[in-house]
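> Sequence:
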Amino acid sequence: MSVITKNQLLEAGVHFGHNTRRWNPKMKEYIFGERNGIYIIDLDKTVVMLEEAYKALFTIVQNGGKVLFVGTRKQSQEVIRNEAIRCNQFYVDHRWLGGTLTNHKTIRKSINRLFEIERMEEEGIFDVLPKKEVILLKKEKEKKQKFFSGIRDMRQLPNAMVVVDPKSEHIAVAEARNKGIPIFALVDTNCDPDEVDYVIPGNDDAIRSIKLIVGTLANAVVEALGGTPVDIDISDESVAEDRREQHASRRSQAALSVDKEAKGREKQTRAPKETKETKEQKVAEVVEKVEETTEEQAAEDAKEEKAKTTKATKEKKEEKSAKETKKAKAAKKTAEEQKEESVAESETVTEETENVKAVDTAPAAEEKAETPGPEEKENTKEESAND
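Residue numbers for the sequence shown follow the working numbering, so the first one is 183 and each next one is one higher.
Careful: at least some of the hints might be erroneous.
As the list claims (entries may be wrong) - Calculated pairs, DSS-like style, for lysine-lysine (alpha carbon to alpha carbon, straight line, at most 30 Å):
| no. | residue 1 | residue 2 |
| --- | --- | --- |
| 1 | Lys508 | Lys521 |
| 2 | Lys248 | Lys188 |
| 3 | Lys287 | Lys323 |
| 4 | Lys227 | Lys210 |
| 5 | Lys514 | Lys485 |
| 6 | Lys313 | Lys325 |
| 7 | Lys521 | Lys493 |
| 8 | Lys237 | Lys188 |
| 9 | Lys256 | Lys313 |
Source of the hints: derived by calculation from the structure; they are not laboratory data.
None of the values given here were measured: they were computed from a predicted structure.
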């Protein structure tokens, strides 16, 4: 028994692809045809590939593996969150933080910070802290809960990842591929199927389509864990909303095509019949304009070149003048230093000369003092006669 029927997919609008102008050629094998400018997806292939994905995911979870559901677009946020909670698995329903898989240790630090703030609030520490600090802590807690609520208990890397729209979630897909994690993805006609391990071709814009595919994969997890799969309920509100989206899309596409046709007719109406002379005249005018433009451009280029040359010459002169001034100042300073040194040397020489003279005159004075004068000689003679 198949896990899903073609009629269920048809009712959910899984067969509607993207506009024919927005497609990836690698999705050609999954496209049935084209209708009103929109690609129609081959639901027979969707049934087969969804069954393969169901069995593979069932095996992974049965062997003790964990699954990470990823869908951050508005259409898929609620579905991803509800189905992941139903099968007790991890999920990311807001912006994917870079490094969630490739730098998991750092992400765990942020999650531990969330646990710490929650513990502080539970223990009543907020009551004794300043109000301003409490407000900042509460804001930090709300922000971290927004991004980490679905992976707060994910202490190891998941064993599989379910993605809605791998083109929008390309960072998450790249990280999973880097870590060798199998990727199960709902792939529309504008996506690259080569980036996904288990391709499920289908509409990734309609809520009904997303709910049916993601719910079926969640049933695989529930069944592997020993639970009972449930029938996927597609509410009337979702149907009405999807129809409004489809009608709006078709109206915009019709308006674009009508506008394009009107512009084409207007262009054809305005275009006059051109004779050979008219064509030659137009060519001559174009050539003349080109020549004028070239001459003007050449004059402007020459003017700019002259200005650049003048500026460069002026800068060189200023630089040369500055160097000469600097050199003159250095020479003047050196001359002053040399003059001071010579004066100091002359003073030193004078002092040394005076010292030498003083030393030379001292013995002569002593000799003069020791030699007796004429009076002393006469006194000496008288003393000797008396004796």
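> Output the indices of the hints that this structure fails to meet, ascending.
Failing hints, ascending: 5, 7, 9.
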